[in-house]
Every structure is written in C-alpha cells, then in structure tokens.
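Number of protein chains: 2
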Amino acid sequence: MQDKLKELKSYLSEVYDLNNISALLNWDQNTFMPKGGATARGRQLGLMEKIAHEKKTDREIGRLLDELASYEKSLPVDSQDAAVIRVARRQYEKAVQVPASFMAEMVSHLTDTYQVWVEARSANDFTKVQSYLEKTLDYSRQYAEYFPHEHIADPLIDDSDEGMTVEVLRPLFSDLRKQLVPLVKAIAEQDPVDDSCLKKHFPEQEQWKFGLDVIRQLGYDFDRGRLDKTHHPFMTKFSLGDVRITTRVKENNMTEALFSSIHETGHALYEQGISMNFEGTPLAQGASSGVHESQSRLWENIVGRSYGFWKHFYPKLQATFPEQFRRVSLDTFYRAINKVEPSLIRTDADELTYNLHVMIRFDLELDLLEGRLAVKDLPEAWRERYKSDIGVFDPKDADGVLQDVHWYFGNIGGAFQGYTLGNILSAQFYDAALRAKPNIPNQIQDGEFGVLHGWLKENLYQYGSQYTAADIVKRATGSDLTVKPYLAYLQEKFGKLYSLK
Amino acid sequence: MQDKLKELKSYLSEVYDLNNISALLNWDQNTFMPKGGATARGRQLGLMEKIAHEKKTDREIGRLLDELASYEKSLPVDSQDAAVIRVARRQYEKAVQVPASFMAEMVSHLTDTYQVWVEARSANDFTKVQSYLEKTLDYSRQYAEYFPHEHIADPLIDDSDEGMTVEVLRPLFSDLRKQLVPLVKAIAEQDPVDDSCLKKHFPEQEQWKFGLDVIRQLGYDFDRGRLDKTHHPFMTKFSLGDVRITTRVKENNMTEALFSSIHETGHALYEQGISMNFEGTPLAQGASSGVHESQSRLWENIVGRSYGFWKHFYPKLQATFPEQFRRVSLDTFYRAINKVEPSLIRTDADELTYNLHVMIRFDLELDLLEGRLAVKDLPEAWRERYKSDIGVFDPKDADGVLQDVHWYFGNIGGAFQGYTLGNILSAQFYDAALRAKPNIPNQIQDGEFGVLHGWLKENLYQYGSQYTAADIVKRATGSDLTVKPYLAYLQEKFGKLYSLK
Chain A
74 MQDKLKELKS
84 YLSEVYDLNN
94 ISALLNWDQN
104 TFMPKGGATA
114 RGRQLGLMEK
124 IAHEKKTDRE
134 IGRLLDELAS
144 YEKSLPVDSQ
154 DAAVIRVARR
164 QYEKAVQVPA
174 SFMAEMVSHL
184 TDTYQVWVEA
194 RSANDFTKVQ
204 SYLEKTLDYS
214 RQYAEYFPHE
224 HIADPLIDDS
234 DEGMTVEVLR
244 PLFSDLRKQL
254 VPLVKAIAEQ
264 DPVDDSCLKK
274 HFPEQEQWKF
284 GLDVIRQLGY
294 DFDRGRLDKT
304 HHPFMTKFSL
314 GDVRITTRVK
324 ENNMTEALFS
334 SIHETGHALY
344 EQGISMNFEG
354 TPLAQGASSG
364 VHESQSRLWE
374 NIVGRSYGFW
384 KHFYPKLQAT
394 FPEQFRRVSL
404 DTFYRAINKV
414 EPSLIRTDAD
424 ELTYNLHVMI
434 RFDLELDLLE
444 GRLAVKDLPE
454 AWRERYKSDI
464 GVFDPKDADG
474 VLQDVHWYFG
484 NIGGAFQGYT
494 LGNILSAQFY
504 DAALRAKPNI
514 PNQIQDGEFG
524 VLHGWLKENL
534 YQYGSQYTAA
544 DIVKRATGSD
554 LTVKPYLAYL
564 QEKFGKLYSL
574 K
Chain B
74 MQDKLKELKS
84 YLSEVYDLNN
94 ISALLNWDQN
104 TFMPKGGATA
114 RGRQLGLMEK
124 IAHEKKTDRE
134 IGRLLDELAS
144 YEKSLPVDSQ
154 DAAVIRVARR
164 QYEKAVQVPA
174 SFMAEMVSHL
184 TDTYQVWVEA
194 RSANDFTKVQ
204 SYLEKTLDYS
214 RQYAEYFPHE
224 HIADPLIDDS
234 DEGMTVEVLR
244 PLFSDLRKQL
254 VPLVKAIAEQ
264 DPVDDSCLKK
274 HFPEQEQWKF
284 GLDVIRQLGY
294 DFDRGRLDKT
304 HHPFMTKFSL
314 GDVRITTRVK
324 ENNMTEALFS
334 SIHETGHALY
344 EQGISMNFEG
354 TPLAQGASSG
364 VHESQSRLWE
374 NIVGRSYGFW
384 KHFYPKLQAT
394 FPEQFRRVSL
404 DTFYRAINKV
414 EPSLIRTDAD
424 ELTYNLHVMI
434 RFDLELDLLE
444 GRLAVKDLPE
454 AWRERYKSDI
464 GVFDPKDADG
474 VLQDVHWYFG
484 NIGGAFQGYT
494 LGNILSAQFY
504 DAALRAKPNI
514 PNQIQDGEFG
524 VLHGWLKENL
534 YQYGSQYTAA
544 DIVKRATGSD
554 LTVKPYLAYL
564 QEKFGKLYSL
574 K
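For the protein sequence lines, the chains are A and B, in the order given. Just so we're aligned: 147 in the working numbering is position 74 of the first sequence, and the numbers increase by one with no gaps anywhere. Just so we're aligned: 284 in the working numbering is position 211 of the second sequence, and the numbers increase by one with no gaps anywhere.
Hint data in this document are derived by calculation from the structure and do not stem from the laboratory. A hint or two may mislead.
Same chains, same label: a pair holds when it works inside one copy or across any pair of copies.
Straight-line C-alpha distance at most 16 Å; calculated EDC-like pairs for lysine to aspartate or glutamate [unchecked claim]:
#	residue 1	residue 2
1	Lys-108	Asp-294
2	Lys-108	Asp-296
3	Lys-79	Glu-453
4	Lys-146	Glu-424
Make the full structure from the sequences, and use the hints.
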C-alpha cells in the first residue's frame, strides 16, 4: 500500500505544481506583465489549465484511490495520509464528474464573457452582456446537475465551501440580516462621522514603507513572500515557501493600501502557517473559502481596525505623516477608519454594511438559479434590494449589477457566501483565541501579535485542508459555526463607537 | 496538406508556450522570487521540462513531418511554411535522437553539478567538483555520439550555432587570436588609461532613470517588455509581445548597469523585431547563438561605446551626475569606458580582450573532448593559457576554471563559440548597415537610432529563424561570415584610442 500511496502522491504533487505554475502566470499578469504579453498569456493559461485537467482526471488516480480505499479506512482519523486520500478523492470525483468537453465549452464561454463584461461595465450597459450571463446561468445549472443535490446551488457552493448548503445558509444569513439592518439604520440616523483626515495627500513611498512595517510586525514572512502592486489586490501561492500578496496605493486615501495589505496578509498568514509536511499535497491549502476569508477579516477588521491596534501604531503613523495627522486625535482617527456608511460598492464598504452587500448577491444567485428571477430583470432587482437593505440607490449598472467580476468570470452560485461566512468565522475564531489567551488585547496594544498568530497557527493554520471546514471550526473553537460571537462583536464595537443603547 | 500543417503548428505552438512558461519560472526565480520559493521552483522547472520534452518528442510530430515532406519540397524557398517545417524537423530530429532516459540522467547530473559548483567556487576548490566535471565530459561525449559528426564537438556546437563546425571555427579563431594578441600587447605597453571617473559613487535611482532613458531611445519597446534587477543580467521572452531584460546596479561603478542594459537591449531588439506572424512557431527566435550575440555586442560596443553615441549622451550623463562628471571631459570619459586591460574575469573584460577569454575556453573544450587534456589538469591548463594569451595569472580556481557557470550547468562543448562569433558578426552587420545607410554615424551623434534599428529589423530581426544563421548573414551582408570588418573595426577604434601605428 505504501507504494500505491507514494504513486498517488506523485500524481498529486504534479497537479499541485501545475496549479502553482498557473498561479505564477496569473500573478505576473496582474503585477508586472507589459500589455503586449496579454494575448500569449491567455493562451499559456489555457494550455496549463488543459494539462492540469488531464492530470487531475487521469484514470490512474481513480485506480489508485480505489485500491487505497480499504487502507484509508484502516488509518486513524487524524492520519495525514488518510486526509490526503480523502481530499484527493473529493477533488478527483469532482473533476471526473463533469465531462471535459463541457468544462472546455464553459471555460471558453466565460473567457468571452469576461471580455464583454469589461466593455459593458465601461459602457455602463448591462444589455451588452445580458445574453452572455443568461448562458452562464444555463451552464451553472448544467454544471450543478452533474452532482447529486438538494438545492441546485448546493454543488456550486460546495466547490468553495465544502459541505455548506442553502438549507444551512439561508436561515443563517436571514438571521444575520435581521440584526444588521436595524443596526445600520440606527447608525445612519446619527450625525455622519468625519473621515476627512483619511482623504488628504499621502505620498506613495511613505505609505508603502509604513505598510511593510505593519505587515512584517503582524508576522508576514518576507523570506517566503513579497508584496507588490496590482489593480485588484489578491494573495497567491506558488508553494508553501512562496506566498505572495499584492495591494494598490491611492495617494488621496491612506486606508486603501494599508487595509488591503492587512487583509491579504491575513490570507497569507494562513497559507504560510500550513505545516511544511503538506507541501506538494492537496492538504497544502486553506480548508474552505469561508475559513480563508475569516483570516483576512480577522486581521483586517478585528485586529487592524481595533482601538488597541492603533494605540500602538497611530504614533508611528503620525510620525510618518506629521502634517496630515498632527492635529488629528487617536479617537478621531479610530472613528474615521470605522465609519459606517451605506454605499453602493461592496469592496469599498465598511465592516458592518459589507455583509448586506454579500447577502444581496447570495439571494439574487438563488433567485436566478431557482428561476424566480430572469437575467433581464437582474439590474432592477439589484437596485430594489440596495434600496431596501442598504438604503442607497444608483441608476447606473456599472456601479450595480456590473460591479463585481464574479458572475462574469465564473459560475452563478457559490461565488459570495464565503465572504460573510468569513466575517462570521473571524469573530468565532478570535473569540476562541481570547478564551485560550485572554491577554491578546493587551498584547495588541503593545504591538505584539505573536500569541494570537501562534494560537491561530496551532489551532487552524497548520492543518491546511487536513480537516473539513466544519471539523476545523469545531476543533479550534469547540463549537459548530455560530453567528453569536460575530453579532456580539459588532454590537459591542459599533454600539460603543456610535453610543447606541 | 493544409490540415496537416495546421495540426503540426498546433503541436509546435504548445511546445512554444511550454518553453515560454518555463522562461517565466526562470525569470521570476532570478528577479523577484523570495528564497523560500527555491525548492518548489526547481521541482516546477523539472516538471515543465518533462512535459515540454514529451510534447517535443511526440511521435505525432514525426508522423506529420513525414507526411509533409513532399509538400515542403513543393514550397518556394522563401515560404514561411517551408521554414516552419524545416526548423520543426531539425528540432524534432535533435530531440528524438537522444533517448529520454539519457537526457533525464544527464539533466539530473547537471542539476547536482550546479549545486556542487556553487560550493566549490565559494570554497575556491576545484577538486570538489572535479569528479562531477569528469562525468559531464563523459555525458557530453555520449550526447555528441548520438549524432553523425566529423569532430566530436560539432553536434554540441550545432545545438546553438547550427551548421558551425570545428573545421570552420578553429582556423577562424586562430586567425583572430593571431591578430588580437599583438594588439593587446601593444596596448599593454602603453601608460594605463585613467578610468577613475567611472568608480565614484553613483546613486542607484539616478543610474536607473538614465539607463531607462537610453534604452528607450535605442528603440526598446516598453509596451512589450520591462527592465528589472537581477544578479546575472539576461534577456528572456514569454512571447513576441513580452520580451524582458534585466540588469544589475553597482553604485560604485556606473558602467555595470548601463552597458549590461544596452547589451540585453540588443538581444531584446532582435526578439521584439521578429515578425509577429511567427508568434507561436519555432521561427519566433533568433537564428543562432552567434547571430543573437552579434546584436547585443553591436548595440553595447559598436554603438554604445562609440564616440558619437557619447557626444549625444554625455551632456545628459553630466546633468544626471554633475558632481561626478563636471570636471571630466568627453574624451577622458570615452577613453575610460574603452579601457583595454588584461584581466582574469571574462564578464568584466573589455571589448578587445573579451575574445581571448572566449577562445581560451573554446580551445580547452576541444582539448577535453579530444582527450588531450584530463579534467584534473584543467585548472593548470587554464592558468597557463591566461598567462600566455592574456598575460595575467591568478592561482585561485574561483577566478579561474570555476568562474563561468557554463560547464557546470550544461555540456562541455558548444558553450562559448557564440560569444566571439557574435563579436565578429556584430561588425559584419554594422558594416553592411553603413554601406546601405552611410548616414548612421551622424544620426547616432544626434541620438537618432531609428535608421540603424530599421535596417536591422528589415534585414535581420524580422526573419527570426526563417533562415539559418549562414543564410541570413549572407542575405543581410552580401557575404559569408568574415572576420575582416571586425578586425578593421578594432584596429581603427583602438589604433586611434591608443595612437598605435
């Protein structure tokens, strides 16, 4: 059996490397590639996808998995080998379930759709891309139909958040929304917070240096990563020894680069924290989209937008930008970076309203998949939900239904739930860390992040995908997914900030 | 036949893209990769090499080439399709001639050898790597034996300089050496040139900006390329739309970054100048190692170290570094950047002695392959040749036989002739350009490089590998490879510089 396992791992290691090579092609495309390289890069990515798909669906993997089935059952539940076989089986079965010809057709359609979306968005005209999106909806349904399911969206959700279903998510999100909407309303009735101190001129070079210092102090390992500029910040990985992040700098807004860097650092700390024993196996990645997002949000919001964090860093920020911040108190600054303001754009949204943006998209995905909403009516449905849930209205599609790339580059369904699951889980993990290490808030005030980072490494990061998302949440926090710590966190933080009763 | 040709081109396009993906992995490794990425990168490069080798040697390519043989003969000699088939056939036959198992063994040996060489060089101890090099010599001979040949080195030379043989090169180099050695000796008897003006402090940022301005003016297209920092400067290509160059900056020596940038720009102008119709085919590359090097040397030396070039650029350089150059005349600067000085290190050598370094290596390769020199005696043979040919002596292996990576990362044989062929051809091409456009030297004085660049594009660059090196030299210059223009150029330039009779 050891020979067969070794053979399986050798296949998996090639799949792993092929995926990582594609990741490098993508990273370069989004950081340094000159525009002349675009055509060939599309071809190169398509070729790598083809090769990786052939490798992932190689019948030999299926044969080896069959032969290893009884061996797998004989292994203890915490065995790394058992986990490798389990995740490999899941990925193999997902990959072979869908005919290669269907996948190729769909990928080719999505590539075209992306191009048309770029034009439609810049022309602020949804009708340009409407027929493409209708086809995407068909493809998404067909894709889902290849898998057994209760709800048509379940297989799509399962792709990024294994085991999650509409049956679980719908009441969870509905509960959350019920609590969030009145909170946002109560805040909207108050005098608006003055955040003009963040909108001065902040030279790029100083922002860059300050950001590097912050993320280094948080624990990002520059021997195994680097920070570069891009248009839409992301984290990517070429191996456990090379986990890179990107950011964008706006000279008229100092929060953009800083908080997107901290966000991506959260993702990167997770990947850099995975056990090096997992390198080259399918365990060398986060447990799910939601768990991954929990780490970016934990570091960005719970840590990075906390009062304690800025008690430590604000004097350094003032020293970096003396003109801009000399007359701004810590309290004013803290209120500014936590300003709640109903807005149109998800990626610019504050911590509180962000979830409303996500849940609107989640609901609309379900409406589309269930056939209760036609693609042609989507722009209007979008505007209505923004008015009722967030209290903002904009007639422009570009800032409405065309604002996110997700539906124009991938399936409809499963694209958004991870963001709010991440917010919920960020508080659940942080709460568990505090119970184990109550001194963490004081350490944060002193600019010490090692204990929090260490607890997360020990209880979450090191395991990569060894356990499912549900299992690792239970192991690390002692309970199943629960929205309670998140609501408590929001209510305490924003209740205090806005002096709510 | 059109279908078969299309099918062949589809295979070739995948080979092309696979090679270019490996090139990106290499570029990243040598520019931005954090050290933690090294292990996985080696694995990724090995995997891509394996996949590319499988594709290159796919029997289907052989079948298609057979089926296209008579069609190929029916095509006019200048046909692009005929050239695609010809180059594809050459590459396929080279690739299948050598058993995959032998190649894998050799590559694995060379990977080990490289690691040992790094240690041996830093320990200044050739004996550490001697047994590896002995094995490399065996592999090189065995590799050559797979091909029909007159001289054992011919197949190795043919890999990078198609059609070149020892029979041609030995007398050519011998002639050249006979003329160069006395020229170098005559110069060495003169008072040494004072080049202290180049050895002041030159802040990196200003060097960088000046270098960018120069290469942009030479015609390097930044929409289809970029310049980054590395340890050992190189040019690389990911498609005809993405041709990148690298340089290294030394703050105590302003010639390092500038001339290496111009050198790599020469390579890049060649690749950027290839007809876009060739994208994705084996024609989308330079004709040979020697022809490629001719363009780096033409732009670096014949143009970049000419008096006219600096008549234009020196005032700008003085404005960039006013403190450093205020009291340095153009004549002093020009003499400094053209200083001839016998030295130990090839890559630091001046334009004139550089060839002596190369020819020593070429001769030693032949001696080793012919069995007239044992690997264990190589360090001593190296020192003797340096003493007799260049007039310098150093007991250290690190600066002797261990200085170049070539023999420790590839075959012995075929590694060096391209450099001197490049020097010879640089003058032959330039001479032809001058005959067609006699005004070029005046244009250079005005900072205008478009006519020279245009002539090279029209007569050399656009053709990529459509013609063999021998054919393109004949087409572009009207004659076969000849050392005459190069000797005339050297004698005129250095005769004047050193007031020789």
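Structure-based check of all given hints:
Proximity of Lys-108 to Asp-294 under the C-alpha cut-off of 16 Å is restricted to the inter-copy arrangement: shortest distance 11 Å between copies versus 31 Å within a copy. In this assembly of identical chains, the alpha carbons of Lys-108 and Asp-296 lie at most 16 Å apart only when taken from different copies (6 Å versus 29 Å within one copy). Proximity of Lys-79 and Glu-453 under a CA criterion of 16 Å is satisfied in neither setting, with 55 Å inside one chain copy and 48 Å between copies. For the identical chains of this complex, Lys-146 and Glu-424 are neighbours neither inside a copy (44 Å) nor across copies (70 Å), given an alpha-carbon limit of 16 Å.
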